[in-house]
Amino acid sequence: LELLTLPCPGIANGSEICSRRFFTWEEIGLRTGRIQPHLQEKWLVIDRKVYDISSFYKRHPGGQRVISHYAGQDATDAFTAFHLSKAQPNKYLNSLLIGELAHDQPSCEPSKNVSASFTTY
206 LELLTLPCPG IANGSEICSR RFFTWEEIGL RTGRIQPHLQ EKWLVIDRKV YDISSFYKRH
266 PGGQRVISHY AGQDATDAFT AFHLSKAQPN KYLNSLLIGE LAHDQPSCEP SKNVSASFTT
326 Y
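Counting the sequence shown from 1 gives a position; my numbering is that position plus 205.
Honestly, the hints are just simulated from the structure, not real lab data.
A quick note: this is a predicted structure, and the numbers were derived from the prediction, not measured.
Where hints are given, some of them may not hold.
To be verified - In silico DSBU-like cross-links for lysine-lysine, where the CA-CA straight-line distance does not exceed 35 Å: (1) Lys291 - Lys263; (2) Lys254 - Lys296; (3) Lys254 - Lys291; (4) Lys296 - Lys263.
As the list claims (entries may be wrong) - Label-pair restraints from in silico Cβ distances: (5) Arg264 - His308: 19 to 25 Å; (6) His308 - Arg270: 28 to 34 Å; (7) His308 - His274: 25 to 31 Å; (8) Ala283 - Ser260: 18 to 24 Å; (9) Ser290 - Ser260: 19 to 25 Å; (10) Ser259 - Phe287: 30 to 36 Å; (11) Glu231 - Ser290: 32 to 38 Å; (12) Glu246 - Gly268: 15 to 21 Å; (13) His308 - Gly268: 32 to 38 Å; (14) Ala307 - Lys263: 17 to 23 Å; (15) Gly238 - Leu289: 29 to 35 Å.
Backbone N, C-alpha and C define an ideal beta-carbon position, used for all residues, glycine too.
Please model the complete structure; the sequences and the hints are all you need to start from.
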């Protein structure tokens, strides 16, 4: 995995530096317990950005159940549907950002990219 040093999200003057990582869907699956159920981290993807919501999901204004459902997945569509204005959620998201999907990764989780079979008659 590639590490980049970029200004930390949410820091107005950019004086603080943090490492921005690029993640694969496999790593996101491993860290969120979909592959190893004993792990309890909760990561989700919105607009190709990876967020660690492990310490936030219990305080989610819409309830922990709705946000937990998307752990380990691309939550972009649900996020857009539930948050008409991004100003309020961005106050929380900036501090939860841990990286981005690697450039070679599809925007949606690979298991959701199943092509439909069509039968012609």
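- Query: Are there hints from earlier that the structure breaks, and if so, what are their numbers?
  - Reply: Violated hints: 5, 10, 14; rest satisfied.
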